[in-house]
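Peer 1: With these hints in hand, go ahead and build the complete structure from the sequences.
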Amino acid sequence: MKRLIYFLLFLGVSSCSFFESQQKRTQEQIDEKMLGIDWSTVDSYPLFDSCDEGVTKDEQKKCFEETLASHFQETLSEFEFTLTDKESEIVEVIFVIDTMGRINVINIEKDASVLTQMPEFDGVITQSLKNLPKLAPAIKQAIPVNTKYRIPVQLKTN
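Numbering-wise, the sequence shown is residues -19 to -1, 1 to 139 according to mature numbering (1 follows the signal peptide of the UniProt record, and there is no 0).
Read the hints as simulated data drawn from the structure, not as lab findings.
You may find that some hints are simply not true.
As the list claims (entries may be wrong) - Calculated lysine-lysine pairs in the DSS-like style (CA-CA distance at most 27 Å, straight line):
id, residue 1, residue 2
1, K38, K115
2, K42, K111
3, K115, K5
4, K129, K43
5, K129, K38
6, K91, K129
7, K5, K121
Peer 2: Below, the structure written as structure tokens:
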């Protein structure tokens, strides 16, 4: 009977360390795999419904950028912005497309003269991004991921 109790105690103690070492090895393998992933790129760009998901990554990027540029151009042409200080001004729009395909404006970097001459500019840009057609998020390792973009918008003067 004593032997059975010692055996059960030994089994209980050794099985805990067995599971701990197996868990530790699994975590080490996960950590190693994570280090090998290039997090600066995505496997698939965010896609509008009008873009074909079966094309190459470069073609997906081109469709995304062209659709975005076309939408910006359409939206901004509806408003009359006038800059008088410079021949042209470049405004940087920084936004994130989240894992649900929603767009969140992070910042709009612009010269102080743009803010002074066009105080409604930020609202127009933000609303333009919110009114984009339906968007699927970027994909990395078969998982939807957040992606951050910086888009230059060139404003011309009269």
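Peer 1: Taking the earlier hints as the rules, which of them does this structure contradict?
Peer 2: As far as the earlier hints go, only 3 is violated by this structure.
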